[in-house]
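In order, the protein sequence lines correspond to chains X and U. Per the working numbering, the very first residue in the first sequence carries number 1; after that it's consecutive. Per the working numbering, the very first residue in the second sequence carries number 1; after that it's consecutive.
Think of the hints as simulated: they come from the structure by calculation, not from any bench. All the given hints hold, so there is nothing to weed out.
Intra- or inter-copy, both count: the list cannot distinguish identical chains.
Cross-link-like lysine to any residue pairs, in silico, SDA-like; alpha carbons within 25 Å at most:
1) K112 to N57
2) K72 to L98
3) K72 to E102
4) K72 to A97
5) K112 to V61
6) K72 to A94
There are 2 protein chains.
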Amino acid sequence: MTTRLYSFAAGEQGDWTVTAQAAVIGEPLPAVRALSVLPGPVPTVDHRWVLRGITSNERYVERAEREVLVAKQQGLGRAPSTCAVLIPIRKSVAWWALTQDERRAVFETRSKHIEIGVRYLPAIARRLHHCRDLTPDEPFDFLTWFEFAPADAQAFDVLLAELRASEEWHYVDREVEIRLTRG
Amino acid sequence: MTTRLYSFAAGEQGDWTVTAQAAVIGEPLPAVRALSVLPGPVPTVDHRWVLRGITSNERYVERAEREVLVAKQQGLGRAPSTCAVLIPIRKSVAWWALTQDERRAVFETRSKHIEIGVRYLPAIARRLHHCRDLTPDEPFDFLTWFEFAPADAQAFDVLLAELRASEEWHYVDREVEIRLTRG
Chain X
1 MTTRLYSFAA GEQGDWTVTA QAAVIGEPLP AVRALSVLPG PVPTVDHRWV
51 LRGITSNERY VERAEREVLV AKQQGLGRAP STCAVLIPIR KSVAWWALTQ
101 DERRAVFETR SKHIEIGVRY LPAIARRLHH CRDLTPDEPF DFLTWFEFAP
151 ADAQAFDVLL AELRASEEWH YVDREVEIRL TRG
Chain U
1 MTTRLYSFAA GEQGDWTVTA QAAVIGEPLP AVRALSVLPG PVPTVDHRWV
51 LRGITSNERY VERAEREVLV AKQQGLGRAP STCAVLIPIR KSVAWWALTQ
101 DERRAVFETR SKHIEIGVRY LPAIARRLHH CRDLTPDEPF DFLTWFEFAP
151 ADAQAFDVLL AELRASEEWH YVDREVEIRL TRG
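Next up, chain X with everything else stripped away, as it sits in the complex (with noise of 0.2 Å):
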């Protein structure tokens, strides 16, 4: 059985070189120089800071969404995709009172999250993951981890413009950029 949860363990060694990171909203994270994405929880102790994240049923995709989504996607690990971003994020609490409904119209409806992701399909491989419901304190609510090769590094900079330009992200209080290649 494989896990749903991750851990991003983050300190002098991983299998990822830190190029760049930054706090983007609020407070930033301890500067690091690598990063490895471990399968499961790893003991915090052994490095400069762990994030962990659990991949869970989609929040908002709709089925013709999920056919679209499917139908375009390609998973992590391409040869090629040597590039990597990691973005946790953490969302207000006038977002967490939102009801279904308005989060939805928030999220797609007028900021269009899927549609932008669908465009960048498959260049850019995506992975998100939920911290939110693993305790009441973590740091962040979600881990996105994206994937691309050094040529879509510019569309994926186009993509972050995007999502950052939309109404979603005015409810975003906390934001880091942590940018990757693999070795």
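Given the coordinates of chain X, work out where chain U should sit on it, guided by the hints.
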């Protein structure tokens, strides 16, 4: 800061006395005499078993439904509410593979889960705890804790029968029912 995580710690002693315990669907839980509902995590070793769940944002409730719920509901811990029922359930792989619109259609459009619950407010108070994303290996997906006065016990039985007769319950693959009285 109040926690969102609760532990249902069961064994020989506790704040609530078990009056009946049964496996409704699938594997039973070991029989116990009493149970306490404790904020935060507790060591499993001190109890016969411990189930943990976390309160979270609503996954299906829409704005108009929220208004009705908030207007009618009352909290846990009311003095006349000396009866409680804990219902741990797990939903099937088929449920979790549905998209958001499909789950909403089963949950409310066809099963009237919210509408049924509203009908029994404020008499039957409840709190929903999510377990599925605490770890990848939780024995249940949800723990629902109900409280009501002895005079409302028959109404509770009807509420439960209505939910179990719904299409949504076709997706329940494990369910345990534990009835309790305070003290």
